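Visitor: As they're listed, the protein sequences go chains S and U. Here the first sequence is numbered in our numbering, starting from 1 and rising by one per residue. Here the second sequence is numbered in our numbering, starting from 1001 and rising by one per residue.
A hint or two may mislead.
[As the list claims (entries may be wrong)] Calculated lysine to aspartate or glutamate pairs in the EDC-like style (CA-CA distance at most 16 angstroms, straight line):
| # | chain 1 | residue 1 | chain 2 | residue 2 |
| --- | --- | --- | --- | --- |
| 1 | S | K206 | U | D1399 |
| 2 | S | K48 | U | D1399 |
| 3 | U | K1351 | U | D1333 |
| 4 | U | K1048 | S | E373 |
It should be emphasised that the hints constitute simulated quantities derived from the structure, not laboratory data. From a predicted model like this one, the values you see are computed outputs, not experimental measurements.
There are 2 protein chains.
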Amino acid sequence: MSKLIGNAVFGQSGGPTSVINASASGVFQEALKQENIVKIYGAAHGIKGVLDEVMYNMGQEDPVELNLLKTTPSSALGSVRYKLADPNKDETDYKRILEVFKKYNIRYFFYNGGNDSMDTCNKISKFMQKAGYECRVMGVPKTIDNDLWATDHCPGYGSAARYVATSTMEVYQDARVYDTPMITVLEVMGRNAGWLTAATALAAYKGFGPDLIYLPEVPFSIDKYLSDVEKVFKKTGKVIVAVSEGCKDTNGKYIPEMVQDNLTKDAFGHSQLGGTATILADVAKNKFGCKVRGIEFSLLQRCATHIGSLTDINEAFMAGQEAVKAACEGMTDKMVAFERVSNNPYDCKIKLINLSEVANAEKKIPAEWINKEGNFVSEEFVHYALPLIQGNPEITLEDGLPRFAKLKKVLAKPE
Amino acid sequence: MSKLIGNAVFGQSGGPTSVINASASGVFQEALKQENIVKIYGAAHGIKGVLDEVMYNMGQEDPVELNLLKTTPSSALGSVRYKLADPNKDETDYKRILEVFKKYNIRYFFYNGGNDSMDTCNKISKFMQKAGYECRVMGVPKTIDNDLWATDHCPGYGSAARYVATSTMEVYQDARVYDTPMITVLEVMGRNAGWLTAATALAAYKGFGPDLIYLPEVPFSIDKYLSDVEKVFKKTGKVIVAVSEGCKDTNGKYIPEMVQDNLTKDAFGHSQLGGTATILADVAKNKFGCKVRGIEFSLLQRCATHIGSLTDINEAFMAGQEAVKAACEGMTDKMVAFERVSNNPYDCKIKLINLSEVANAEKKIPAEWINKEGNFVSEEFVHYALPLIQGNPEITLEDGLPRFAKLKKVLAKPE
């Protein structure tokens, strides 16, 4: 085991999830135990906090608060959507990062994020190697989109999926209450991969879910949508549709753009604005003349820790811990990933994969899990996703409301 | 104690809530115990089920399922928005109800709903008395709007308030994640009373809530809204606004109508459509040029039993039980209501009030609980609302998802 003694910094990047702070908690608690890591810092707003020298000394925090991070949604340190330049073209940021790393004696860099963040990790690591500065770099995965390559699934997905499936069941109950026809359209996040939209199939598996599911993996057509809806509508008068915000037609146009086009051509009656759900609901109203409701799960699907998955929270925490352990054991340039050893009973083990392998790659729903009509997913998906949404999180309550972690955020000092 | 032996019917009316089925569970379980009640029926879609003779024999249901109703959202029997005619003008429906009551030997009528439903109860009862048909009529209150007269609060409100407060806290966390300015507008249900919108103040009380709260009780002005937002925006760059869908200007115009008017007059740049949240977010974007997000809690706020209030569920169940007990003891023409005996510790007792007193009356937030600026509520509101949102519901899970009650719905037969 190679010894590298110094400080560590951890950053959160990209869109928030319900469990990104659970990974932070795992990193902090494990780093505070490790002898090789002298101080563990949390960077404000991801890599920006490093560039701007805004880092917090996590050893100064109350251990109770660090543990409460497990059930505190969103990024407690702040996140960022900042893409580092290609180091072959512009080394400015990389030089600055090296300068800060030296100034604070940072020898361990942990970064929590999706595809782009793994790319960031990879570029930083390569630059440090080129500069001859010893620093171990580990990626911790997170994304509600579940689209990271080479891992069975991603922390963040299970909790978002549990929120989406539970809420879909509840909306199903609500949408059937009157004996009049109604079409309900649910809009779920996911720009390129339909994993989260497909989670509405879990509600259908329990008998309280959508009739139709549209994923970005399948080209979308308004005409096909209307004819699909018509079939269900004729039978029951009640239709529930789940649609990904990322659905596109064969020309790569998103649904709002498609409808704008139709507008000028043949008009649906009035001008359209708003999200995909509202638009598809309006389009259905124009055709079927019944009551419609467009519902966007919006930010709630990625921050509703109260209905998160305990499995997901535990795995996110473990991913943070394992990143620290592996780095202290000499590993670098890896991302923590999951490999499903068994599905029933569910058993997932941690593996490490090369950052270069995962950076910027995208995992979509396998074509064989999507039905021929392109408007639902198969039971294979259900068996894949169900184990990921198990268990109620143990939320600490205060006045009947969640008690989020409160951090002191004591600024780190140069060595 | 006067003896009246016969069958009973229970109906659910108006918009669904998280706990309307908890009241149904209370009615059914208590009625099955009472000797005076021979059979307990559930009417499909409220009073429509009586008119159409679609009633289910609840004694045929599995007791486990009847108990699961406690945590099954929305109306298990189906609801209705059907207003009976003024009996002085048209007695058709009343005569038909009397006919069905005689045919099925119905001597007890329990109706679960809001203002309109209590009016329905009252009219039916008066008609039966006039016709000399002995039948006891009891109202069970429910509404997420909390706007029923003469009761401390309404079953349905506590659960919706807990959902709204918890979700607001979670969205607060999410909306602060980037170090860039952002304005978030949350739209909450409530056409005439702001009780549910005010529940966002509970999130603020915990330090994770809105900066501004707009209620239907205060006339709304776009200019005042923009100047309020500007004050917060200048200080922090982050603004969270909670707005009731029922906010109106001094002429009684709702926000979408106000903006449409402004459109033709001085234009906000492009045509507006969609809900209040989207519109207010767009209006702010045009003025401040920053990132905005409009979030509508939509149906979720009234059907998210998974984050319901245990206090509310228990009280809803008890309201159903008490309605049956009181009727069996000889009471009629009453609504079950709540009287707060003590706030700390919270203690609420049941009282019965005359249907005529509550029918069509509306309870709004007291003016002294609203701040002078008309954009927030006082701590008195917080102390009023907090006890109502306490306790986690015990949700039975199956595959990690809620197990809703499944009813056989065996049709009732005439005597």
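Visitor: With reference to the structure, classify each hint as holding or not holding.
Guide: Right, here's what the structure says about each hint:
1. For the hint linking K206 of chain S to D1399 of chain U, the alpha-carbon distance of about 9 angstroms falls within 16 angstroms, and the restraint holds.
2. Using a Cα cut-off of 16 angstroms, the hinted pair K48 of chain S and D1399 of chain U is violated, with the two alpha carbons roughly 41 angstroms apart.
3. For the hint pairing K1351 of chain U with D1333 of chain U, the CA-to-CA distance comes to about 13 angstroms; that is within 16 angstroms, so the pair holds.
4. A threshold of 16 angstroms between alpha carbons decides the hint, and for K1048 of chain U with E373 of chain S the separation of about 39 angstroms lies outside it, so the pair is violated.
Hint compliance for this structure: hints 2, 4 are broken, all remaining hints hold.
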